[in-house]
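With the sequences and hints as input, model every part of the structure.
In case you want the letters, here they are:
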Amino acid sequence: MSGAALVRVAATLRNQRELPTWKLLQADRAPLIAALLNNLLLGADKALSASVMEERLTRDLQALRAAGNDLPHEATGYLNEWLNSGWLSRRLPAGASEEEYTLTSDAASAVRFLMSSSQPRRSATESHLAIVISQLRSLADETDGDRQSRLASLLEQRARLDEEIARVNSGDIQVLPEDRALERAREILHLAEELVSDFRVVREEFYDLNRGLREQLMDFEGSRGALLEKVFAGVDLIGESEAGKTFNAFWRLLNDPEQSAVLHEAIDAVSSRAFSRSLNTTERRQLRNLTSSLLDEGSEVHETQQTFARSLKSFVKSREFRENRRLHGLIRNGMRGALDAKEKLRANGGIGYTLTFTGAKVSSIAQWGALDPASRIASTDMDLIPESDLSLEDFASMVRQSEIDIRGLKHNIVSLLGERDVVSLNDLLERYDAEQGLGSVVGYISLAQQHGQVVDATPCQIEWTGSDGERRRAQAPSIFFLRKDIHELEL
Amino acid sequence: MNSSSEPLDEGGDAVVQSIQALQESQQTRFEGDTGQLTLETRRVLVQLLAGPVVDGQRHTKSWEVVLRDEAVLRSRLHDLFLDLVLDRDHQVAFLRQVVSDEVDVPILLRRNTLTFIETALLLFLRLRLTEADSQGERAVLSPQEMLEHLKVYERSDNVDQARFGRQCEAAVEKAKKLGLLRKLAGSNERMEVSSALKLLFPAEEIERLTAAYEAASKQEGVALEGGSGDEELEDDA
Numbered sequence: 001m002s003g004a005a006l007v008r009v010a011a012t013l014r015n016q017r018e019l020p021t022w023k024l025l026q027a028d029r030a031p032l033i034a035a036l037l038n039n040l041l042l043g044a045d046k047a048l049s050a051s052v053m054e055e056r057l058t059r060d061l062q063a064l065r066a067a068g069n070d071l072p073h074e075a076t077g078y079l080n081e082w083l084n085s086g087w088l089s090r091r092l093p094a095g096a097s098e099e100e101y102t103l104t105s106d107a108a109s110a111v112r113f114l115m116s117s118s119q120p121r122r123s124a125t126e127s128h129l130a131i132v133i134s135q136l137r138s139l140a141d142e143t144d145g146d147r148q149s150r151l152a153s154l155l156e157q158r159a160r161l162d163e164e165i166a167r168v169n170s171g172d173i174q175v176l177p178e179d180r181a182l183e184r185a186r187e188i189l190h191l192a193e194e195l196v197s198d199f200r201v202v203r204e205e206f207y208d209l210n211r212g213l214r215e216q217l218m219d220f221e222g223s224r225g226a227l228l229e230k231v232f233a234g235v236d237l238i239g240e241s242e243a244g245k246t247f248n249a250f251w252r253l254l255n256d257p258e259q260s261a262v263l264h265e266a267i268d269a270v271s272s273r274a275f276s277r278s279l280n281t282t283e284r285r286q287l288r289n290l291t292s293s294l295l296d297e298g299s300e301v302h303e304t305q306q307t308f309a310r311s312l313k314s315f316v317k318s319r320e321f322r323e324n325r326r327l328h329g330l331i332r333n334g335m336r337g338a339l340d341a342k343e344k345l346r347a348n349g350g351i352g353y354t355l356t357f358t359g360a361k362v363s364s365i366a367q368w369g370a371l372d373p374a375s376r377i378a379s380t381d382m383d384l385i386p387e388s389d390l391s392l393e394d395f396a397s398m399v400r401q402s403e404i405d406i407r408g409l410k411h412n413i414v415s416l417l418g419e420r421d422v423v424s425l426n427d428l429l430e431r432y433d434a435e436q437g438l439g440s441v442v443g444y445i446s447l448a449q450q451h452g453q454v455v456d457a458t459p460c461q462i463e464w465t466g467s468d469g470e471r472r473r474a475q476a477p478s479i480f481f482l483r484k485d486i487h488e489l490e491l
Numbered sequence: 001m002n003s004s005s006e007p008l009d010e011g012g013d014a015v016v017q018s019i020q021a022l023q024e025s026q027q028t029r030f031e032g033d034t035g036q037l038t039l040e041t042r043r044v045l046v047q048l049l050a051g052p053v054v055d056g057q058r059h060t061k062s063w064e065v066v067l068r069d070e071a072v073l074r075s076r077l078h079d080l081f082l083d084l085v086l087d088r089d090h091q092v093a094f095l096r097q098v099v100s101d102e103v104d105v106p107i108l109l110r111r112n113t114l115t116f117i118e119t120a121l122l123l124f125l126r127l128r129l130t131e132a133d134s135q136g137e138r139a140v141l142s143p144q145e146m147l148e149h150l151k152v153y154e155r156s157d158n159v160d161q162a163r164f165g166r167q168c169e170a171a172v173e174k175a176k177k178l179g180l181l182r183k184l185a186g187s188n189e190r191m192e193v194s195s196a197l198k199l200l201f202p203a204e205e206i207e208r209l210t211a212a213y214e215a216a217s218k219q220e221g222v223a224l225e226g227g228s229g230d231e232e233l234e235d236d237a
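Residue numbers (our numbering), protein chains in the order written: chain E, 1 to 491; chain L, 1 to 237.
No wet-lab data here; the hints were simulated from the structure.
Be aware that a few hints might be false.
Stated by the list, open to error - BS3-like, lysine-lysine: derived pairs with alpha carbons at most 30 Å apart: (1) L:218 x E:361; (2) L:198 x E:313; (3) E:23 x E:46; (4) L:151 x E:361; (5) E:361 x L:177; (6) E:344 x L:177; (7) E:317 x L:177.
Shown next as structure tokens:
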């Protein structure tokens, strides 16, 4: 490397230190932060609603503190810190009632780097090399314009195939040894995982692109700018971007019926091989869900791209950006006016400005009740209250009955989850008495809303026996608790 | 068309039809009940009257009723010299006082006097809404951000900072009460700015407010009396 190039690289890296990725690696509590972020947003969930995020983070913080780690702040404190550091992003998705947290791609790569460096290093494996060789070969072939050498390469391939066919015909079938097959399978899973994390980057690029385009539209004065012309001409600016093109090519391939059939068959075949039994449960599940998880993540990106393209077009078409620009100016103007006037005004004084209230107040003489002076005079008589024959235990049971015994219900769910993966409301009511009757049922449903799954679309019939021994029946939403969420229920 | 029904300019047939349909299914809900609407339509009518807004995202059931019974609700409200503002895109519905030069309109919806700090907050919320709009996002903010922003409107000779702080907090509370801010689920404090604010506080109103500021700064050192921070209603007339 020349001296100048070296200086350039050093300068680039120095700038990178200010970026979220390095900042995370440098943070005082980097190990704890990375472990938390990994646990919260790099596992089964890629996005968490604000309430779930706060709850889980609080739980995780407690677990880390219990193990002697120093974590002085509450969950909200850390969430704010991480948002400010650019490790988390928070958005209110259209139609949602809660904000949602996701990991930024910068933070995701930092956490992934830390996680991978703590795992045994992947050595230069045979499958890595095989991938490089085959990729190089096909690159060389596919960029070769020379008829002669192209033909030679094809003939060579045919010769190799003929040889192999002859061998298989003679009954000499070579099977990859188990350890190498396993290594290949893991390599493939690793690649697939990287694909999924690429999606995150693409989605963020879409967000940035969308914001950038809208900002340009807002700042842009005059009506015939290149940007506007493009949007009006129907050019899909987001789809035409680098990120868009790469993603679209991938998306087409994934949705190509022929390709996906090949993928499905291959997954089925590999899963049925003897060696795949040596994969651990997580790896087996990853393999089984390979297509669906790629499709899930991909469709989310696809959806984002489509939404942005649509809303950008309507933003331009409706001329909303112009109206917004005008409003922006007017509001700024108003704010300046307020600042100019502030020395003359009291904060809670009127300024002669009124806004129409949108609710009507009805008042009627009928609302008036005559005051009975006698009702104001406290009675001086004292009634003698007969001594109660309630025992302390009776009181305790009354108190118990007055509140839903969530602890007890959680206990039931957890013990039943010890036996099976999924537990429904009916399972619970069959196994345990509804000690508080309807109260217990309500308790289960409310717990399911927090920690389980509620399927409103398919109500189910439930029956229970209350403390009075009566059998009751009702229709309730279908609810399920899953063993994988058992930690949420443990007391 | 039923000869006894009142002819209406637009959607008249629809109103008549829906009233007839409702009459068929009419049930007396209480002693001496002569109302003609179904129970849920009546409830939504009252909800609209009580204000401030019916929000399609929050009041999903009421919203459906508003959309379904728009014609009949509109007709009943016109009886009260009120107009139904219905924005399907932003999913909000609220009432507006009918203004007419021809007839003397009795006023049911009062104008609400806002204090200086409340108007400053109103502008800030409107700004955030515009900004979020141009980003294609929803406007969410925390009370801290609002209070931070309001700080710049404190008089330089103010000696009671605690009091000013309380006044700012009261302004945020009032914005909540007017339905301009709504709390988000899953957070103790983050709030969404209602998109109804776009309709309630349009460009003309912003200009009117700016003019009010200008008038105020020209006044020679006299603080205007009026609104006390409490909810104070004044006649429009």
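What hints, given by number in increasing order, does this structure fail? 1, 4 and 7
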